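Enquirer: Each chain, written out:
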Amino acid sequence: MSSETERSDPVDASESNFGRVSRTKDVAFRWLTLAAALVGIVALAVLLLNVLVDALALFEPEYSPWLNWQFLTNPPSFSDPYDAGFFPAIVGSIALMIVIALITFPLGVGAAIYLEEYASDGYLTRFIQLNIANLAGVPSVVYGLLGLGLFVGLLNIGFGTLLVAGFTVSLLILPIVIISAQEAIRSVPDSQRQASYGMGATKWQTIRNVILPRAMPGILTGTILALGRAIGETAPLIMIGAPTAVFGVPNSLFSKISAMPMQIFTWADRPEMEFQYGVVAAGVVTLLVILLSINSIAILIRNKYQRKNGQ
Amino acid sequence: MSAPDLTHDGARSARGAAFKVFFALCAFLSILTTVAIVATLLYDAVDFFAAVSPVEFFTGTTWTPENEVYGVWPLISGTLIITLGSALIALPIGLLTAIYLSEYATDRRRAYLKPALEVLAGVPTVVYGYFALVYITPVLDRILPLGTFNALSASIMVGIMIIPMVSSISEDAMSAVPDSLRQASYGLGATNFTVSTSVVVPSALSGILSSYILALSRAIGETMIVAIAAGQTSRMIDLTDPGGMFLESVQTMTAAMVQIGASDVIGESTEYKSLFAVGLTLFVITFAMNLISEWVSSRYREVYR
Chain A
1147 MSSETERSDP VDASESNFGR VSRTKDVAFR WLTLAAALVG IVALAVLLLN VLVDALALFE
1207 PEYSPWLNWQ FLTNPPSFSD PYDAGFFPAI VGSIALMIVI ALITFPLGVG AAIYLEEYAS
1267 DGYLTRFIQL NIANLAGVPS VVYGLLGLGL FVGLLNIGFG TLLVAGFTVS LLILPIVIIS
1327 AQEAIRSVPD SQRQASYGMG ATKWQTIRNV ILPRAMPGIL TGTILALGRA IGETAPLIMI
1387 GAPTAVFGVP NSLFSKISAM PMQIFTWADR PEMEFQYGVV AAGVVTLLVI LLSINSIAIL
1447 IRNKYQRKNG Q
Chain B
216 MSAPDLTHDG ARSARGAAFK VFFALCAFLS ILTTVAIVAT LLYDAVDFFA AVSPVEFFTG
276 TTWTPENEVY GVWPLISGTL IITLGSALIA LPIGLLTAIY LSEYATDRRR AYLKPALEVL
336 AGVPTVVYGY FALVYITPVL DRILPLGTFN ALSASIMVGI MIIPMVSSIS EDAMSAVPDS
396 LRQASYGLGA TNFTVSTSVV VPSALSGILS SYILALSRAI GETMIVAIAA GQTSRMIDLT
456 DPGGMFLESV QTMTAAMVQI GASDVIGEST EYKSLFAVGL TLFVITFAMN LISEWVSSRY
516 REVYR
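Sequences listed follow chains A and B, in order. Residue numbering for the first sequence follows the numbering used here, starting at 1147 and increasing by one per position. Residue numbering for the second sequence follows the numbering used here, starting at 216 and increasing by one per position.
Next up, chain B with everything else stripped away, as it sits in the complex (with noise of 0.2 Å):
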């Protein structure tokens, strides 16, 4: 507000005084939201460290809960498999699709196209996974050989999710490029081309990027698509072989969880409470992720406002 507070707080106000506290008490509900995620999660994670060493948990390359073996490479590397395919998928037709809406489309087709765009990321996951095991993996399987539960369908699936999380940030940052330097490049001849990747997308770079890591920490924190339509095989990602990592089953940390979570085992099981470690971590990677793309895009604001 930058009026002069002329309010002054009579009797008639202690109503409103009242309203002003609990205003203030749900605003800092969001703080203890946060602290209750990380307390909820470090509180049984530290049970779990108590009876699997960190060590071995950190460094470990084999997953197998029933076994009491919690290693959490092969969950991490499965991770990054479906994150590395969705990002092939949704950070080039992402950034092609914010350059349409930004450089080439008439204000009629743009009003059209971004509300289409925003119900990709608004259908359920659930019906994505299912979408994922019962239409695309068997039309693939008919050109590769593909397991029925397999990492590429899944990544296909949740790039095509994340699409407009890429689209809709990118083509803000790039509305936020002034309109006189595509101006003076247009008055050295160049055509849309040069101006939309020479002048555009380069000045738009920080907010791009944002958008990038958002969606990849969206890739890395996605669960029903990959808990339906890639499996529940836990295994080390082989950087050597691309076939076998994209064309088989692979299990991610947040399937892993819906796995554990789905069982019954419940309490003071290290199964149940290991849980809270793969969800500790997972927390971790996904709110550094965010917080740097938050980091990264207050920049272009501030050059261009």
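Isolated chain A, as found in the complex (with noise of 0.2 Å):
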């Protein structure tokens, strides 16, 4: 790509009666497009504002906000919404990260270090790589009725439990944390593999501590965001007969749990004003903080591994 400066000299250079009018028309449509790029990002900042305003009751005077520490330590209720609390849901969806962090990390790892260091250039790899590519497309709703069919109903491990839910939710972002783990072996450089093979590693030596090292950050950084999309996911959990009110903490793989966009979906069908716009509003910034921690924790990795990389 050119840069912005010899885009549009040829431009500048022709102004000839006809320039003058195009560039009417290229003016014009450069905001356009800029307008259309901030189309999204505007209308969700509005929309984080409006819920935020709402979560913390900021214009009116009547209501406390509805986020507190109440809210956080509570359990939740579903006929007092002043009494209503996130805290089995948020134990829940951490309880389900932790869980889906051990079954994908290491899955997902191990599935890309084969496709980069050992498959062949062959038509079995490319199978695999595109079977991959249509995984991560597979709508969400879909992957909870395999969890239903496959964990719920063939092996029989329960409705709505921890590890029904951590199964299924990690068949569902294993594609992503794959994709991610390839990426970042792809940009460890060759000359560091024949650097190791010349001090007679062998490829697992090289694997180990040549090529893992280096691409952990960006394994990291993909493995974190995929969890991030994983604690987001609401289909999968219905459909696996999440329950739609947990009181307690999970205590074991086997508790039924539920977890916040879950509680955040059984809250949004109350009709009552108080929990559309006060307790459901709480748990939607809850949900976002805790989702922008974790983001932010990816990129911090990222940004890190970047500057050293840049010395």
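None of the hints are false.
Covered stretches of chain B, as calculated for chain A (at least 3 residues, CB under 8 Å): (1) 236-250; (2) 325-337; (3) 436-447; (4) 467-477; (5) 485-494.
Covered stretches of chain B (chain A as the covering partner; in silico rule of three or more C-beta atoms under 8 Å from a C-beta of chain A): (6) 256-267; (7) 315-322; (8) 421-433.
Honestly, the hints are just simulated from the structure, not real lab data. Because the structure is a prediction, the values reported are computed rather than measured. Backbone N, C-alpha and C fix where the C-beta goes; we use that ideal spot for every residue, glycine too.
Given two chains presented individually in distinct reference frames, assemble the corresponding complex, making use of the accompanying hints.
Expert: This is the structure we're talking about:
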């Protein structure tokens, strides 16, 4: 791609009558494309501002903020909005995230290592690659059905348990983890592999001592971003029969769990204004703040790594 | 690996061999996942089609599981209307965004805009659904005769969600257009506008098309936004009534699945099994679209690399 000046120079040079007329159109088009680029971002910003105002009850002095300590530590309620809390859902989401991380990290990195370091560029490899790309586009609700049929129906692990939810959402984000881990491994320069082999290292030693340490920041960044996506997923949880309300925290892999998006979904159904504009807004803000923190960790890792590489 | 394989499999790499097997299994797990998806969907769908004839399912125009009537067309037409509505928003905006990022934006602006756009795709869909229901619908309600649940707010929200899918893939395709084509065009006295619309966009067309198909596939499979904001009224869409299409509640395939999934029907009932028949239909449609998108995009890669 050329730079800005290179591209506009020929235009500046043609100051004929023809040139001036089409430059008006050119400038208008430039503003149109810029406006288009901002539409989604501005819309989201307005919506986020709205939900923040509602969660904190900024313009409604008769209410205290919905997002408060009590909300974060209470069990949920469906009758009294002032008593409703988010605690079991927060703990459920975090437990779910840990289970998913434990499953997807080794499997995703393993698959990426195989595809990048071992597999020959044959028909089978291309088939696997195409398959992974397609899996990344399968609707999440279909993964929910897979969980329902396979883990609940066939293996009988139980409706809405932590383990079933963990397995189901893991399969859902696995393609994303694999693809990002592949990119990270691919970015390790080939010269480093050659140097390692030149020192007499075996393939496994090269992977363990050279490739993985080098690719790890990228792998971690991708995995954490995928985990962020995982805790926002609702449809698969509904399909595997996650309960609409859980009042305690999970204490084993076979406990039934709720999760933040699931709790928001069931609250959003309540007709009362206090739920619609108060409790749900507080839940949404909590979910987004936790998501934002997770993504910031990923970005911090990426930036630290980039700076190290830049030196 | 282009390197000659100097590694020798002695005793010390027995562990290495074991790891290789593990890595290979991880990669094959993805194929296993696809097989498992097809198998689980088929297993219960076959049962369903033993009770309800496929002809009735695929041609029926009434969907009322509570009366044991399973015609999938109301759900498909509901899905199409949401897809159409979101396409009207996301396809032009996404394309213009891609043009801005690829042809106009300075590197600095691009560095801010791209991550900001990615945020759009990263917001949980349950949050978008809630936004559509409690913020967008009341605002639109002041100018249009809207129902509490309607296809319009859901379409707008789905459209905003899929903008980054269109813009990022389209921008990749536009960036792959060789600069010599642009320069040649500038040399003939063309403006940025002419270069963008007459050179870059046509050259990147296969990539743009591929992003469109992928985005539509996402819109078809989107679940929580439509389940929350579009409602649960299964009805055939009347194409001669553009107002009614968008202003009233519709039920999509995914929303119908959520409705059955969230209810207490389990096990052997036909209603429970209809979940898998609808899921199979949805899976086949989106899988086919993803394959087509992959195939179309592979064409622009071949031309310019």
